[in-house]
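Asker: Residue-level listing of the chains:
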Amino acid sequence: DSGVTQTPKHLITATGQRVTLRCSPRSGDLSVYWYQQSLDQGLQFLIQYYNGEERAKGNILERFSAQQFPDLHSELNLSSLELGDSALYFCASSVLGAGEAFFGQGTRLTVV
Amino acid sequence: AQKVTQAQTEISVVEKEDVTLDCVYETRDTTYYLFWYKQPPSGELVFLIRRNSFDEQNEISGRYSWNFQKSTSSFNFTITASQVVDSAVYFCALRGTNAGNMLTFGGGTRLMVKP
Chain F
1 DSGVTQTPKH
11 LITATGQRVT
21 LRCSPRSGDL
31 SVYWYQQSLD
41 QGLQFLIQYY
51 NGEERAKGNI
61 LERFSAQQFP
71 DLHSELNLSS
81 LELGDSALYF
91 CASSVLGAGE
101 AFFGQGTRLT
111 VV
Chain P
1001 AQKVTQAQTE
1011 ISVVEKEDVT
1021 LDCVYETRDT
1031 TYYLFWYKQP
1041 PSGELVFLIR
1051 RNSFDEQNEI
1061 SGRYSWNFQK
1071 STSSFNFTIT
1081 ASQVVDSAVY
1091 FCALRGTNAG
1101 NMLTFGGGTR
1111 LMVKP
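Those protein sequences? They're chains F and P, same order as listed. Just so you know, the working numbering puts 72 at position 72 of the first sequence, and the rest follows in order with no gaps. Basically the working numbering = 1-based index in the second sequence + 1000.
Hints listed in this document are in silico derivations from the structure and should not be mistaken for laboratory results. Bear in mind the structure is a predicted one, so any value in this text is a computation, not a measurement. Be aware that one or more of the hints could be misleading.
As the list claims (entries may be wrong) - Simulated crosslink set (DSS-like; lysine-lysine; CA at most 30 Å straight-line):
{"#": "1", "chain 1": "F", "residue 1": "K57", "chain 2": "P", "residue 2": "K1070"}
{"#": "2", "chain 1": "P", "residue 1": "K1070", "chain 2": "P", "residue 2": "K1038"}
{"#": "3", "chain 1": "F", "residue 1": "K57", "chain 2": "P", "residue 2": "K1114"}
{"#": "4", "chain 1": "P", "residue 1": "K1038", "chain 2": "P", "residue 2": "K1114"}
{"#": "5", "chain 1": "F", "residue 1": "K57", "chain 2": "P", "residue 2": "K1003"}
{"#": "6", "chain 1": "F", "residue 1": "K9", "chain 2": "P", "residue 2": "K1038"}
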């Protein structure tokens, strides 16, 4: 158990819909990262938050947004969903700097 | 820009064979960190090891060993006496020290260990 909790584990939704993925980082970790794993793109970094502030952005679509709350949990919002958004979405947390990034079990999103 | 290449997309071995997974990286950062993760069929990403760019000492943990060679920008992973439970996808990743601390992943190597 990595200590990073993601909910839900599975999500099936229709095109055009909006979903929210939730992540609770390990106790004490201020930094949260979101990654997307798809068959064609592999594991790609989406966005990073540190102590409530956005710190870095990767290949995140404009239809996607995230935030980190004062209790340090984070949410990834995906809207206007398309079939191609079907993927495994991971959250990871770490102590900022050289710390290892520990990953949650992921949320498998299927858009039908 | 950072890049991680895992040239072996799939490897199949018979149990008890040794197997080496290759990882080559590119970065302009002088300080960086290298990682290996395991993704078993259940899907989670399991952290295996982190190495920083200043420490080229090889590491051994049980049946696992890692060979970091800065001169060739490689960070290879060897499993000795492989077991069926080692079957998984293995990812090599790189974290720089500029512009955030995100990981750049290689494409992964699928290891199949047959009984």
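Asker: Does each hint fit the structure? Answer for all of them.
Answerer: We went through each hint and held it up to the structure:
1. F:K57 with P:K1070: holds (28 Å)
2. P:K1070 with P:K1038: Holds. K1070 of chain P to K1038 of chain P sits at ~23 Å (cutoff 30 Å).
3. F:K57 with P:K1114: This hinted pair is violated, its Cα atoms lying about 41 Å apart.
4. P:K1038 with P:K1114: Roughly 18 Å between the alpha carbons, so the hint for K1038 of chain P and K1114 of chain P holds.
5. F:K57 with P:K1003: holds (17 Å)
6. F:K9 with P:K1038: holds (19 Å)
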